[in-house]
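Could you put the whole structure together from the sequences, leaning on the hints where they help?
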Amino acid sequence: MKIRLDTVVKTFDTFRAVHGVSLEIESGELVALLGPSGSGKTTILRMVAGLEFPDGGAIYFGDENATDIEVRHRGVGFVFQHYALFPHMTVGENIAFGMKVSKTKRSATEISGRVTHLLRLVQLEGLQDRFPAQISGGQRQRVALARALAVDPKVLLLDEPFGALDANVRRDLRRWLRKIHDELGITTLFVTHDQAEALDLADRVVILDKGKIVQSGTPEEVCRAPASAFVMNFLGDANRLKVTVSDEKAQIQGVVFDADGIADGPAELFFRPVDVTWREDGHGIQATIARVIDRPDSRRVLALTVDGQSIEFDAAPEFPFRAETRGFVDIRRPRVYPA
Amino acid sequence: MAKAKTRRPPRIGEAPVFRNSMIVIVLTLVALVIVAPLAVIGFEAFSKGIAYFAKTIANSDTRHAILMTALTALIAVPINTVFGVATAWAITKFDFPGRRLLLIIIEIPFSVSPIVAGVAYLFVYGLQGLFGETLQSADVRILFALPGIVLASMFVTAPFVARELIPLMQAQGRDLEEAATSLGASGWRTFFSVTLPNIKWALLYGVILCNSRVMGEFGAVSVVSGNIRGQTNTLPLHIELLYHDYNAVGAFAAASILAALAVVTLIAKVALERRGAGRVRRPSLAGTAPATSETTP
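As you go down the protein sequences, you meet chains D and F in turn.
Anchor point for the first sequence: position 82 equals 82 in this note's numbering, and the numbering is continuous, going up by one each time.
Count along the second sequence from 1, add 1000, and you get the number used in this note's numbering.
No lab work stands behind these hints: they were computed from the structure.
Just so you know, even glycine gets a beta-carbon here, dropped at the ideal spot from N, CA and C.
Mixed in with the good hints there might be a few duds.
[Said to hold, decoys possible] Here are some chain F residues pointing at chain D (derived, C-beta under 8 Å):
hint : residue
1    : A1015
2    : D1175
3    : L1176
4    : S1182
Structure (structure tokens):
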């Protein structure tokens, strides 16, 4: 089922949570809404679900205007951040709940057959008589998913699906969710503030800031060509240097970088810590090493330029230099954005 | 070495002298203030034998007072239960203007002396009161009759159920109801199969506290009932009347019934507390707790 949001607006009391967001999600696509807290991503997800209603704009499911359809008739599967499993029901009863309350009557054997099938799908066979309190967080997450899938939703919506889990479980579940999605081919929209999660899992990443979409594209597109300084910063560690642009060339301490399409005047130069080579000859921006931090697989070097701007970069574990060493920072893949 | 060990208290504030004197003081106070008077009730009630006790209880006025009390509870408790659930639901699940004000207003009966409530009802429904003449011309009796007693009892016990439910429902949040609705459940279905099972112990706890207060209420009821023997007397009022009649044994016998009701309530309360009611957080509510260490198969 294709989903389309048309200039959706939502305001809470005085706080404008979502400003005119338009978005299309193709049938069968897995899309991540990525943004810092307060960027409106959860509000958008809840509006698609029908748990909140937009103040303006419209939401279409296929060709049908779903804006005013109540959540219980909208046919979405929603997985809550804290799972929201019914604590007084067993795992099996939780999964069966949606089928029991549904208008399409199913026989008891049909329901129990489907519960067994779903438990196998989420790899939790044999846990159906446990209560939510008796299983682990990762298992609860999968029960919540099975429960959402039980009602044959047109769309699957997940709110920070792995937010409450520890790092290892998180990575496993991520890969597993991708597999389930590829098996079922259900249109899926999920919310996260974790860049790695969004890039790892999604076909397309929609990056939000202050209630607006700032960039939307495949993980490759957003990583290789961040549309703004915000996206560059948000997707990963980035260094920022103040530069001056004239004639589409950015200049800092006599070093020149391409700055196509950037207006003359002050601007900002961004680059990743891995895109730096430390040189002793005169190639690059002059700097002094301030500190070296050791990490299991590399060394992180903190350096200061002559005019006092700080740069962090990654070097091989064999990097021999210490604090106070003078040298040059050679930057690969620089990006210039207006200040 | 051993000497030093015995002299030093195991923990701060546990010096033997301090510890023992505290325990003795508390036990003495409990015995004097709580246990002794209750024991006296039981003792005095049966001081002229079981036969006399039975005869006193069987007295038609006493029987009527018991009936009145039971009837009042039977009407006031269910109404206040529904009111309490609705209030707790509204306050915890919806945002609306005046929500905080409502939270304060339902606490008023706790802080206001019950007699004030009684006098207020006198003012509203009494002959010289706001609706007094209208009611009289319509031949509706509220004061000095069952409706007045029920209304006064309801006023006094209005917060009991809501007070138990609000903290619990606040801790539970709206996630469960939203989940049920997103799975296609109707409002009623959500309430009965998701909300109610998760609040049932706290609800029962509130109902029991409410019931014991309704049965024992004296101040508010004494103002509005008019104290008519055999007609508008509830059990607590009847006990006072008997006592003023110098019928000490009768008073104690009636009081022992009320005390027995209280004991039953207490037992039910303890049993419910064991199931986790009456606490803000339920220990078994694990759905919201983030799991920290775990393994995925």
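Output the indices of the hints that this structure fails to meet, ascending. 1
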